[in-house]
Amino acid sequence: MLGKDGPVKKVQWVGADNNVVVITAAGEIDLHQSNAFQQSLMEPLEQNPSRVVVDLSEVSYMDSSGVASLVKLLSRAMKQGIDVRLAGLNERVRSIFEITRLDTVFGIYPTVEEAVVSE
Amino acid sequence: MLGKDGPVKKVQWVGADNNVVVITAAGEIDLHQSNAFQQSLMEPLEQNPSRVVVDLSEVSYMDSSGVASLVKLLSRAMKQGIDVRLAGLNERVRSIFEITRLDTVFGIYPTVEEAVVSE
Amino acid sequence: MNESTSKLTCAPVRMSVFSTPSHVAVVRVAVERYCALLGFSKRSAGEVALSVDEALTNVIKHAYHGKEDMPIEVVMESTIVDQRDALRIEIRDWGTAIEPDKIKSRDLNEIRPGGLGVHIMKQCMDSVDYIPLPQRGTKLVMIKYCNP
Amino acid sequence: MNESTSKLTCAPVRMSVFSTPSHVAVVRVAVERYCALLGFSKRSAGEVALSVDEALTNVIKHAYHGKEDMPIEVVMESTIVDQRDALRIEIRDWGTAIEPDKIKSRDLNEIRPGGLGVHIMKQCMDSVDYIPLPQRGTKLVMIKYCNP
Ligand SMILES: Nc1ncnc2c1ncn2[C@@H]1O[C@H](COP(=O)(O)OP(=O)(O)O)[C@@H](O)[C@H]1O
Ligand SMILES: Nc1ncnc2c1ncn2[C@@H]1O[C@H](COP(=O)(O)OP(=O)(O)O)[C@@H](O)[C@H]1O
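Chains as they are written, first to last, in the numbering used here: chain A, 1 to 119; chain B, 1001 to 1119; chain C, 2001 to 2148; chain D, 3001 to 3148.
Hints are computed from structural coordinates only; laboratory data are not their basis. Take every hint as true, because none was put in to throw you off.
Pairs of lysine-lysine, DSS-like flavour, derived with a Cα cap of 25 Å:
(1) 3139(D) to 3122(D)
(2) 3061(D) to 1072(B)
(3) 2122(C) to 72(A)
(4) 2139(C) to 2061(C)
(5) 72(A) to 2061(C)
(6) 3042(D) to 9(A)
(7) 10(A) to 3042(D)
(8) 2122(C) to 2102(C)
(9) 1072(B) to 3067(D)
(10) 72(A) to 2067(C)
Please take these sequences and the hints and turn them into a complete structure.
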């Protein structure tokens, strides 16, 4: 499901033990894109990363469908003991997390680098 | 007519003898804006500049109404022996001059600086 | 909004679309641009666009259960509400009517994927009214004041 | 455009606006976004948006002589023309009907401000058809193929 039309453009394994997965999304994530988005978010969990970082720096817009995909990722990851972090949210995307008060539930980092290396 | 709502944001006199006027426009210039645009373009002609440079680098979009305003400026200026140059056109704005073949009628320069100093 | 802006921009814009998820974006950009004409800040215009997106998403999911070829009408217009300039957006569907007790605000402390749409609309707009229609479907009326 | 895109995005979008110059931009952004859904390049989508802008500008100026409260209908849809995927845009007014001999292409070597709109539309679209209507007004149908 890494079709060029879905919002996930890249999946990379990084970190000392290659155990952090960075998922890079782009574009506008609404109802039209949220199924593809969710599927691409879930796939890397099968390889049991210790941490998932979702790079949203190229996501210009997100509605509650996109947020719901991330919440589903978080719920599943928490059950597996996997840490989920979001990075690079623009002001507009950040505000939907604030409105829904999910900004306190996700770890939100300014950059992918910080999300990868912070404790 | 230098209202903050019109497309012309700045009018500056530059050059060795202060005889070149640089008119800076911004935004989208269509039917809604073209009257205000035209009026702001014509005003400086009264001070008899030797050259008019229209800075379009912050104009994101223009239709034939905007082009018509510039053609009216050119016709009037030519009668007064004043040189008209356009600068900083983005690809989209440039293409409407190409489609209407007016790219050969106006002097079109990459930057305001070049438009001001070139012979 | 002064007299002249109001004369030029107040006219309503109506969009008739089908319940196709990809078309939500087409309505969204038009609404956002309409807001800009009315003098809304970028942030406020974005909030209105998001609210319309959430409303259309709900129509597609709940009124039409994912069927993609059902009609939706959106009307945006500038109006006066309580003596203040306001944007009024009406969204109408002809699907399963809303059950008013389902749209009560949810407990946000509960972490679950659904139930965010109506909460977002209520946060972003000054008023959100769902009117189940006698024949079929729902009419949603949202208001946002122009100068907060 | 493959089967699945086509099922998702082909549905028509209809916009009913008034002849208000500032609203041309609202239609323009919606059309441009619709083109993006159909897979048009940024450049092609921009050409379609410009053509719609020029058509609406002409309706406001020539069909309605600057009157700002007259109706205009715009329908964009994806269709098949000559066995090729195409975007079809229909723009209808109820004003002074067009005189077909006025829309002949002008001599571009003449430097004058007017007469550019129809030329631009013909350059940017694959076909441009003006149909004066028996009762009142004009219907304009413009086609652009999806994959040139
Ligand atoms: N247009 C509509 N027609 C019918 N029911 C609706 C409509 N909009 C919302 N609803 C109902 O309101 C509920 C709450 O919507 P919302 O807050 O967006 O959360 P979610 O869509 O995730 O359930 C929905 O579950 C649905 O029952
Ligand atoms: N919707 C319309 N209704 C009536 N006449 C029209 C319409 N659109 C175009 N025309 C006619 O076609 C002519 C050419 O239009 P155009 O090329 O855009 O140049 P301009 O608008 O500068 O005259 C107009 O002058 C007008 O007579």
